[in-house]
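Visitor: Sequence:
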Amino acid sequence: MLILNVQQELGKQLENMINSATSGPVKKKKNKKKKRKNNTRKKRRQNYQDLQLEEEEEGIQRAENDQVLDMQHEVGKCIWKRRWSSSPVIFWVNIDGCFRKREKGGYGAIIRDNHAKPIVASARVSECGPVSVLYHQLQGLKRGLELAKEFRCRHIRVCTSSYYTVAVLHGSLFPEPLDYFVVAPILEEIRGMREDECFKWLQIRCIARKNNRAADYLAKLDKTIQIIKPDKFAKELEDIIYEDANGGFYVRPFGRSVYL
1 MLILNVQQEL GKQLENMINS ATSGPVKKKK NKKKKRKNNT RKKRRQNYQD LQLEEEEEGI
61 QRAENDQVLD MQHEVGKCIW KRRWSSSPVI FWVNIDGCFR KREKGGYGAI IRDNHAKPIV
121 ASARVSECGP VSVLYHQLQG LKRGLELAKE FRCRHIRVCT SSYYTVAVLH GSLFPEPLDY
181 FVVAPILEEI RGMREDECFK WLQIRCIARK NNRAADYLAK LDKTIQIIKP DKFAKELEDI
241 IYEDANGGFY VRPFGRSVYL
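Residues 1 to 260 (the UniProt record's numbering) make up the sequence shown, in order.
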């Protein structure tokens with residue numbers, strides 16, 4: 001009996017040794033594969049986080065550059081002009097774009113006459129999602145020109161609070177590499193619209209941010225409303241328009257119309 005028990009125990013030990021010898025390398029291989037997968041995932045996460053940080057830093061740098069440019073260049077004020085019979089009506093087209101990274105992109109436009117009376121407005125959420133500040137600014141400009149054409153505004157002054165956008169449109173600044181290939185198509189569309197015969201006079205200028213609050217409100221509305229008539233304006237937008245009208249001042253041109 002003792003001999004049999006010893007033999008059984010020896011047999012079990014041999015089996016365990018064989019199993020450990022065969023399963024050991026397999027477990028080691030599995031552990032190595034898991035480690036490799038984990039390392040690759042960590043690297044991908046790190047690369048993604050680095051890209052996000054770089055994009056955020058670039059966005060902050062653009063905003064800072066825009067502020068510096070606004071300070072270096074004199075920004076205009078909305079000057080509502082009383083019209084004489086010989087002077088054409090100049091319609092003010094205020095546009096703006098909203099860019100919130102990883103959240104949304106939007107743009108808005110509002111048209112007012114030379115007495116600060118609102119004609120029409122529009123607010124839209126970008127179909128492409130959040131792209132860049134310049135891209136959504138150009139979307140707002142395109143929408144403003146479409147509204148001006150639809151409502152037969154022949155003499156228009158387009159205003160935005162972004163000097164960077166105005167400089168790109170005038171050709172004094174070149175779009176940044178990250179923006180260029182994205183904004184190139186819409187820039188071509190805007191150039192074609194500017195040359196349209198329906199506009200007898202068109203000017204694009206930069207104004208202070210406090211004078212562009214109406215367009216800023218529309219760009220951040222987070223809704224798509226193709227056409228907003230004045231009787232459908234929200235209370236907050238009405239207040240902004242009222243403050244703009246009273247904050248601006250009137251200029252009476254003598255003789256011929258004066259374009260500022």
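Hints listed in this document are in silico derivations from the structure and should not be mistaken for laboratory results.
Glycine included, every Cβ here is placed at the ideal spot set by N, Cα and C.
A few of these clues could be false.
Below are the DMTMM-like pairs computed for lysine to aspartate or glutamate, each with C-alpha atoms no more than 20 Å apart in a straight line [as the list claims (entries may be wrong)]: (1) LYS220 x GLU197; (2) LYS210 x GLU238; (3) LYS235 x ASP216; (4) LYS104 x GLU188; (5) LYS149 x ASP113; (6) LYS149 x GLU188; (7) LYS117 x GLU236; (8) LYS101 x ASP113.
Restraint ranges, calculated between C-beta atoms of paired labels, are given here [said to hold, decoys possible]: (9) ASN38 x SER172: 47 to 55 Å; (10) LYS42 x ARG194: 49 to 57 Å; (11) ARG100 x PRO177: 16 to 24 Å; (12) LYS200 x LEU178: 55 to 63 Å.
Visitor: Let me make sure I understand: some of the numbered hints might not hold for this structure. Which ones are they, in numerical order?
Guide: Violated hints (numbers, rising): 1, 4, 8, 12; every other hint is consistent with the structure.
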